[in-house]
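For the sequence shown, the residue numbers in our numbering are 1 to 589.
Quick caveat, the hints were computed from the structure, so don't treat them as lab data. Model, not experiment: these values are computed from the prediction. Hints should not be assumed to be uniformly reliable.
What the hints assert, rightly or not - FRET-style restraints, in silico, Cβ to Cβ:
no. : residue 1 : residue 2 : range
1   : V364      : M206      : 47 to 53 Å
2   : R540      : S22       : 16 to 22 Å
3   : M333      : R540      : 46 to 52 Å
4   : F579      : N494      : 37 to 43 Å
5   : L355      : S123      : 41 to 47 Å
6   : D240      : Y277      : 22 to 28 Å
7   : D194      : G508      : 41 to 47 Å
8   : E10       : S171      : 53 to 59 Å
9   : S171      : K263      : 52 to 58 Å
As the list claims (entries may be wrong) - Capping the alpha-carbon separation at 30 Å, the derived lysine-lysine pairs in DSS-like fashion look like this:
no. : residue 1 : residue 2
10  : K39       : K363
11  : K521      : K285
12  : K311      : K54
13  : K286      : K564
14  : K71       : K363
15  : K481      : K541
16  : K39       : K222
17  : K161      : K564
18  : K286      : K195
19  : K481      : K521
20  : K115      : K521
21  : K222      : K70
22  : K71       : K311
23  : K481      : K39
24  : K311      : K263
25  : K54       : K71
26  : K521      : K161
27  : K70       : K54
28  : K68       : K521
29  : K91       : K564
Just so you know, even glycine gets a beta-carbon here, dropped at the ideal spot from N, CA and C.
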Amino acid sequence: MKGENPESYEQVRLKNKIIPLSNSVYRILDYYEASGEIKFLPQAKPYTKIVILKLLNQLLSENQLSEKEKKVVTSYLNDLSRESNGIQIYKQASEVGFGLVGLAGETTARTGIGKDGTWSTSSKLLPYIAGDLGEHLSFSASMGPAIERLAPDLFYQSYTKDGQVNFPYQSVGYAYLPYQFNYETLYTHTQISDKTPGQSDITQKMAVGLIYYTELNASWLKGAVQFSMNNQHRAWGHDDNNMVLSSTARRFPGIELKLEPTKWLRYSYLTGSLFSYANQGSDYKKSIYGYDLGDSQNLFTLHLLEFTPSKWLQISASAGNIWSKRFEISYLMPFVFSHFSEVEVGDYDNLSMALDIALRIPKVGKTWLSFYNDEFSFTKSGPLLRMPRNRYAWQLGLKTALLSHLLPGTTSTLKYTRVTPFVYTHYPDARFNTFTTRPLDMTYTHDGFNLGFYLPPNSGEIDWSLVNIAVPDLILSLDNKLIIHGTNDLASDNVYQIYGDVYRWQRGDDIYQYPLLNFTKDGIYDWTVLSDFKFDWKVRKFHLLGLNYFHLNGGLGVAHTGWKSNNSGVVAPSSRTLFSGNLGVVVDI
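Take the sequences, apply the hints, and build the full model.
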């Protein structure tokens, strides 16, 4: 495949299939973007197979790589040129297309060692179908059962009330490092021992869950126009953990349109369906917050415009909108950023916007500054950036390959992210619920997780990560974080305090009575330092029913968390340290 004409990849089967964000090929692309071999990558991820194949071929054709680097890139190029790297049960080509039936799966085990540490395991079986219809359309669908016992992290669904920090799953235990828990299956589970359906994601004993992935993708004009219906993980930004739509968000079904008329102009559009099984009950967390959080029956629309006037500069703007499920055509219009629609239809929904500026510094790497605006007002004079009335977040990042001079094939990413109080929050809104008489949960969340940055409001994070791709079929990574988060007592009679809880919006008659921000001092703060090492190894030479390889992956991490009460009146929990290790086997689709 090395050095082939890019046109030859148009003949690859399943060329329009999405390559999920979990695929290590994205670490390859990140490295060569940081080193300057690839120009600014499209921010709207994931990409389709044909898009990635052309990028890899571009790397090989420019003859800038060493022989070792060419070997690594060629390996990925060959793998992705196959119709599938998983188990193939049956396949057939016809005059109108191609069809494939196969089997994929995953089994993982994880343990937490330390105070309240416990074990967690998950095994998934994923039979799938995939195929092409003509030369423009590809599809893939997989669904199956999972047997698992999920154990979260320390802060999963935690809250501060009645003078203490409450940890709902302390009796279950913790297997993940703080703030790092996530899972792939549907929320509702059936515990095997008592065969009781409709239980939550976290169960004391082994349970059965369900999982599905689906996609229908098309492209025309050599990829200049792409259309997709899918429920894959997405990341729309310069980093997987950005403030608009992160890879840590729960998967949701959506319709996407991507246009690239020239190399310097891209437009991406998304409308998806948001929901939350837990929120279907009106009493969900009502005892904690004192009110109905609302039913989650919303749509999410996101626009992203990328303008690259030179090889060293990119400017991008995005607009998002959480809106109740109704047929509002104005929100479905391409190119019409949501704030224009709000002027026309009224302020009934949860709107946001973001602006990004990225620079490519020769021989250094890529740096970016992102500013996310939840809501901002200039009506009052004073320190605007310290007023809780102004809800915003920002991220400053640098991605470089400079360390590759010492450790060949190493990408280093250093970034700081600040999410101010009340970002992503919204009051429950009863004006447009066409399903029930309950209000709607209009927070910037889906199925219990943030859509944007993964930390709760009033947080800050310094993150330094290292990823090494030098060895063929092996990805090594080390992620180091300092996480700071603060909040106050939900039961306090004084609502004019700084809160860091996505379900606590700015209450009171005058939001300008809230005190100015004093980060790390205006509430009880938790401080977490963590380091997490991971590996992903492709094991080959097991050619069973077309199996090209399987993944052996795992990791080992440690975290220490402490609290400082300041003048919050909340008792600081005792500090704790947790070690977490995991090992898994994955067969790709």
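Status of the hints after comparison with the structure:
no. : hint                       : in the structure
1   : V364 with M206: 47 to 53 Å : holds (50 Å)
2   : R540 with S22: 16 to 22 Å  : holds (19 Å)
3   : M333 with R540: 46 to 52 Å : holds (48 Å)
4   : F579 with N494: 37 to 43 Å : holds (39 Å)
5   : L355 with S123: 41 to 47 Å : holds (43 Å)
6   : D240 with Y277: 22 to 28 Å : holds (25 Å)
7   : D194 with G508: 41 to 47 Å : holds (45 Å)
8   : E10 with S171: 53 to 59 Å  : holds (56 Å)
9   : S171 with K263: 52 to 58 Å : holds (55 Å)
10  : K39 with K363              : holds (13 Å)
11  : K521 with K285             : holds (28 Å)
12  : K311 with K54              : holds (19 Å)
13  : K286 with K564             : holds (28 Å)
14  : K71 with K363              : holds (23 Å)
15  : K481 with K541             : violated (37 Å)
16  : K39 with K222              : holds (19 Å)
17  : K161 with K564             : holds (16 Å)
18  : K286 with K195             : holds (27 Å)
19  : K481 with K521             : holds (20 Å)
20  : K115 with K521             : holds (27 Å)
21  : K222 with K70              : holds (25 Å)
22  : K71 with K311              : holds (27 Å)
23  : K481 with K39              : holds (28 Å)
24  : K311 with K263             : holds (10 Å)
25  : K54 with K71               : holds (17 Å)
26  : K521 with K161             : holds (18 Å)
27  : K70 with K54               : holds (15 Å)
28  : K68 with K521              : violated (51 Å)
29  : K91 with K564              : violated (60 Å)
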